[in-house]
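Protein sequences appear in the order of chains A and B. All residue numbers in the first sequence are consecutive under numbering that gives the first Met the number 0, ending with 445. All residue numbers in the second sequence are consecutive under numbering that gives the first Met the number 0, ending with 448.
Because the hints were derived from the structure by calculation, they are not lab data. Errors might be hidden in some of the hints.
[Claimed, not checked] In silico DSBU-like links for lysine-lysine, alpha-carbon gap of 30 Å or less:
{"no.": "1", "chain 1": "A", "residue 1": "K341", "chain 2": "B", "residue 2": "K165"}
{"no.": "2", "chain 1": "A", "residue 1": "K377", "chain 2": "B", "residue 2": "K339"}
{"no.": "3", "chain 1": "B", "residue 1": "K322", "chain 2": "A", "residue 2": "K70"}
{"no.": "4", "chain 1": "A", "residue 1": "K283", "chain 2": "A", "residue 2": "K12"}
{"no.": "5", "chain 1": "A", "residue 1": "K97", "chain 2": "A", "residue 2": "K12"}
{"no.": "6", "chain 1": "B", "residue 1": "K112", "chain 2": "A", "residue 2": "K341"}
{"no.": "7", "chain 1": "B", "residue 1": "K339", "chain 2": "A", "residue 2": "K12"}
{"no.": "8", "chain 1": "A", "residue 1": "K341", "chain 2": "A", "residue 2": "K20"}
{"no.": "9", "chain 1": "A", "residue 1": "K309", "chain 2": "B", "residue 2": "K282"}
{"no.": "10", "chain 1": "B", "residue 1": "K165", "chain 2": "A", "residue 2": "K309"}
{"no.": "11", "chain 1": "B", "residue 1": "K339", "chain 2": "B", "residue 2": "K103"}
{"no.": "12", "chain 1": "B", "residue 1": "K165", "chain 2": "A", "residue 2": "K377"}
{"no.": "13", "chain 1": "A", "residue 1": "K329", "chain 2": "B", "residue 2": "K104"}
{"no.": "14", "chain 1": "A", "residue 1": "K97", "chain 2": "A", "residue 2": "K329"}
{"no.": "15", "chain 1": "B", "residue 1": "K322", "chain 2": "A", "residue 2": "K283"}
{"no.": "16", "chain 1": "A", "residue 1": "K329", "chain 2": "A", "residue 2": "K20"}
{"no.": "17", "chain 1": "B", "residue 1": "K103", "chain 2": "A", "residue 2": "K2"}
{"no.": "18", "chain 1": "A", "residue 1": "K9", "chain 2": "B", "residue 2": "K191"}
{"no.": "19", "chain 1": "B", "residue 1": "K339", "chain 2": "B", "residue 2": "K322"}
{"no.": "20", "chain 1": "A", "residue 1": "K2", "chain 2": "A", "residue 2": "K283"}
{"no.": "21", "chain 1": "B", "residue 1": "K42", "chain 2": "A", "residue 2": "K283"}
{"no.": "22", "chain 1": "A", "residue 1": "K97", "chain 2": "A", "residue 2": "K70"}
{"no.": "23", "chain 1": "B", "residue 1": "K339", "chain 2": "A", "residue 2": "K381"}
The residues making up each chain are set out below.
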Amino acid sequence: MAKETWENYKERKHFKPSPLKGVRVLEVCTMLLGPLGPALLGEMGAEVIKCEIPPLGDTTRSLNPFGWFFKDQSSLFLHINPNKYWVGLDLHQPEAQKVFYELAAKSDIIEENLRPGVMERWNVGYRQIKEINPSIIYLSKNGYGQWGQYAEENRPSNDGASQALSGYSWVSRFPSQTPLKMRAYIGDNYGALNAEVAVLAALHYRERTGKGQYIEFSQTENMMRTMSWVWPYQQITGKGAQPAGNRDVSICPADTFRCIDDTFVAIAAPAPDEFRGLRTAMGKPELAEDPRFKDHLSRLKEENATQILKIIADWARTKTPDEIETLAEKYCFAASRLFNAKDVVENEHFRERGFMTEIDDPIYGQYRDHEFPVMMSKTPPKNKWAVRPVGFDNEYVMKRILGKSDSEIRELYSCGALGKWTEVQGRRPPPGWDGKAGLIMTRDRL
Amino acid sequence: MMTRKRPDWAGWADWVRERDDPRIAHTRPEALDDITVLDLSYKSFAGCYCSSLLAEFGAEVLRIEPPEGDFIRTCTPYGTLYKGEGLNYLTEGRNKFHITLDLKKPEGREILKGLVGEADVLIETYRLGVMDDWGIGYEQLKGINPRLIFASITAHGQFGPMSKHKMPDYDNIAQARSGFQYDTGERLPDGKSYDECPWAVPTKSGPWIAWVASGTFMAVGILAALHWREITGEGQALDVATAEAYARIDDYAPLWYDQEGHINERFGNLDTALWLYCFAPTKDGAVFLGGLRLEMWQAFADMMGKWDEWGAANWTTLAPFMKEEEQLKWAALVFEETRKYTTEELVSMSIEYAKHGRLAPITCVVAPVSSPEETMKDANWLDRGIFTPVFDPVYGEVVVAQAQHKMTETPIRTRWVCRPVGYDNEHIYLKYTGFGPSKLKELREQGII
């Protein structure tokens, strides 16, 4: 039974293995699209080594909502980079490229999200790395891929461009208004997620055949992949897909409604039993007889959808979200208030499941964060530690993985191949750091 | 396109294209063609999307529907059907074999158990307890096949205080619970009410992004579980709650509340955490402007001829621009300038600036805010094979988005887009159970398939 499978999942997850144990990932990523992918692998137990150009590293270290930093660190950066080891490696330098080769020889996966051609210019492109490690799985992510007009024009890109160019924002808004940029960095963060499907499929193929491969991924194309009906609709009807505000044009009724207290509730009740439940909850059993609403395909028709949604809106306006949620549970349809950040963080269900988890980090202390949202009964993924200053784990990686001596490491520092953070916000350790916490190798050295 | 000047890394572009152009995908092997997936999902686009991803990589997916078909087939925009099929399902039936089986009947469940013996993955989206009550929950099926990966996608998950709730899993509900809808959308103008501005409310994504996120997270989980099974031989159960999967896409909002008690609010087409980063009006539409590093913001000011007037040379950090009031003030100035140009002019100005501008090669990202109609005609995407029509034996020529993963060894492909209900019963039951035409006739008459 499900109960048996999942009993004490949250408490027991620390005593179970991770699914990607033994997989090593090298990352040369920046912003959000790049780094989140390796982090997801890291949460599933892969060993992720993040290489940044010292001393400033990843630009995301600077990003902040309205000027707010968490202990001198970017909250965006922190959220998308858990469970990594941090190396400051200046890939412009031949000595650093040599270190990268040594790491690549011992890695399974490399991920980068620079402009096309940059990794190759630094002698660490796929064609160069596969000479050292033919079974490497090498992923490049960006806005437009590695070939084609936009890529070759060297157009820069990012999340907003992918939302804009794919048409995603155009259909996400109210019809009278201009296209709306989604607050979520969907192009980046969903892009990072879906790219990992290819990486893990390639890993499976490698386990079968020993063969590695190169994967290119355009976040803009990926946004198009999420838009389902839009493309065949345009092809078949010859009409452009149109925005519809909060109404789901493929499910009826499904919309967001304003309640008596001027807050909002989302409702969905398309299946016959669900729509019956909603009719009962509204005290409108007579709607069952109405031919306009008799089945789902009838309700979905523009003229009928508008009318049923108006009836529900008038009813919802007299209720609180709480009352509607209670009725939904009683009559088996779906309804939810709109969760804000407080609701998400404090939600008892999310906490009991361990989805809203507590991190206990040697450098950043305790804070709440999302757990990896796939619960795995035998191999639970775990969000374990926070980000680190630029080059923080240099010594650990050079010694533990590459077996370098102190003098070799000193040499790499003196030629500038290796480097650490500078005294800039987001790059340096948090205020009050004791000079030791979180360091793996050199914490007792004077 | 042949005449455009090619970059100095064109050799790399050609090398990749020779190996991963979707046009040659059919000549290459497939990554997951040793995997068999049973997709029992019901009323769930998340389940369909999850199995589509696996099927695009070559997995043999048996889509198992009740004899009357899955309700999700009726979830189609404005009730539009094409050759009898809903348009969402038309895009996510891809590469799957469609069979029918009534799991409410004990005989149907016995047949399922037979299939489970040959399967690697099972995807289901029933309310908690339904599969157990039917005797085909994970604890029961692992006795038949200990290597089985049993993947459940639901509204609230398999455990936790709300898991016993009866609420069905719909995309708009998960968007509401994720935290994203609350703080996405236009702000209510000062002194106005919702009655006057019914569009200035929390706004969800148009596409089914919460379902897409949960289906994709589950695909990632399944592949990781397959990796672990390679090592240990053991299957396991996986649990995704749709609202959680989509919420994980968030960045700063939860931590901001956790540490500061700050609740993030709507900020229209500007961005709470980034400057310059917004949609801006143009003479004939809108563009996205992305200049989130100081130098890119300076490049934008320069490109618009405002280097001196705005004092861009003296800017040393983005910090002063990050505050809410400053963003609003600067946005007004920026929009005044962008309105003077067409979208196409602004895009070209950015590309040119990267070549000849004062800060070149640094430039500001400028992208047209396209309608999906424009996107579908864009030569760049057509060239990259995203909208190459699929020639489906049942539905004819259909355009669906595809080829989003380009790979040199095992590229994805879309062989067919969809199948009617029970279309593959003959082939699949013969292959997996040995049931020939007369047995199938009998099962059909009994309403089992």
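Here is what the structure says about each hint:
The suggested pairing of K341(A) with K165(B) holds, with an alpha-carbon distance near 24 Å, which does not exceed 30 Å. The straight-line distance between the Cα atoms of K377(A) and K339(B) is roughly 60 Å, outside the 30 Å bound, and the hint therefore fails. With a C-alpha separation of about 18 Å, the suggested pair K322(B) and K70(A) falls inside the 30 Å cut-off, and the hint holds. Among the hinted pairs, K283(A) with K12(A) is inconsistent with the structure: their alpha-carbon atoms are about 48 Å apart, more than 30 Å.
For the given pair, K97(A) sits about 39 Å from K12(A) by alpha-carbon distance, which is inconsistent with the 30 Å threshold. Of the pairs offered as hints, the one joining K112(B) and K341(A) is violated, with about 44 Å between alpha carbons and a cut-off of 30 Å exceeded. A hinted pair counts as satisfied when its Cα atoms are at most 30 Å apart, and K339(B) with K12(A) does not qualify at roughly 58 Å. The suggested pairing of K341(A) with K20(A) is violated, with an alpha-carbon distance near 34 Å, which exceeds 30 Å.
Proximity of K309(A) to K282(B) is assessed by CA-CA distance (about 36 Å); at most 30 Å being required, the pair is judged violated. Using a Cα cut-off of 30 Å, the hinted pair K165(B) and K309(A) holds, with the two alpha carbons roughly 26 Å apart. Note on K339(B) and K103(B): the hinted pairing is violated, with a Cα-Cα distance of about 64 Å set against a maximum of 30 Å. Between K165(B) and K377(A), the direct Cα distance comes to roughly 27 Å. Compliance with the 30 Å bound is thereby established for this hinted pair.
As the CA atoms of K329(A) and K104(B) are separated by approximately 27 Å, the hinted pair is consistent with the 30 Å bound. Between K97(A) and K329(A) the alpha-carbon distance is near 65 Å, which puts this suggested pair outside the 30 Å criterion. In summary, the hint linking K322(B) to K283(A) is not supported, as the alpha carbons are separated by about 49 Å, beyond the 30 Å threshold. A threshold of 30 Å between alpha carbons decides the hint, and for K329(A) with K20(A) the separation of about 44 Å lies outside it, so the pair is violated.
Restraint check: the Cα-Cα separation between K103(B) and K2(A) comes to about 22 Å, which is no more than 30 Å; the hinted pair holds. With a C-alpha separation of about 46 Å, the suggested pairing of K9(A) with K191(B) is violated against the 30 Å cut-off. Simply put, K339(B) and K322(B) have alpha-carbon atoms about 26 Å apart, close enough for the 30 Å limit, and the pair holds. Distance check on the hinted pair: K2(A) and K283(A) sit about 38 Å apart at the alpha-carbon level, beyond 30 Å; violated.
For the hint pairing K42(B) with K283(A), the CA-to-CA distance comes to about 25 Å; that is within 30 Å, so the pair holds. At roughly 35 Å between alpha-carbon atoms, K97(A) and K70(A) are farther apart than 30 Å, so this suggested pair is violated. Of the pairs offered as hints, the one joining K339(B) and K381(A) is violated, with about 51 Å between alpha carbons and a cut-off of 30 Å exceeded.
Of the hints listed earlier, those the structure fails to meet are numbers 2, 4, 5, 6, 7, 8, 9, 11, 14, 15, 16, 18, 20, 22, 23, in rising order.
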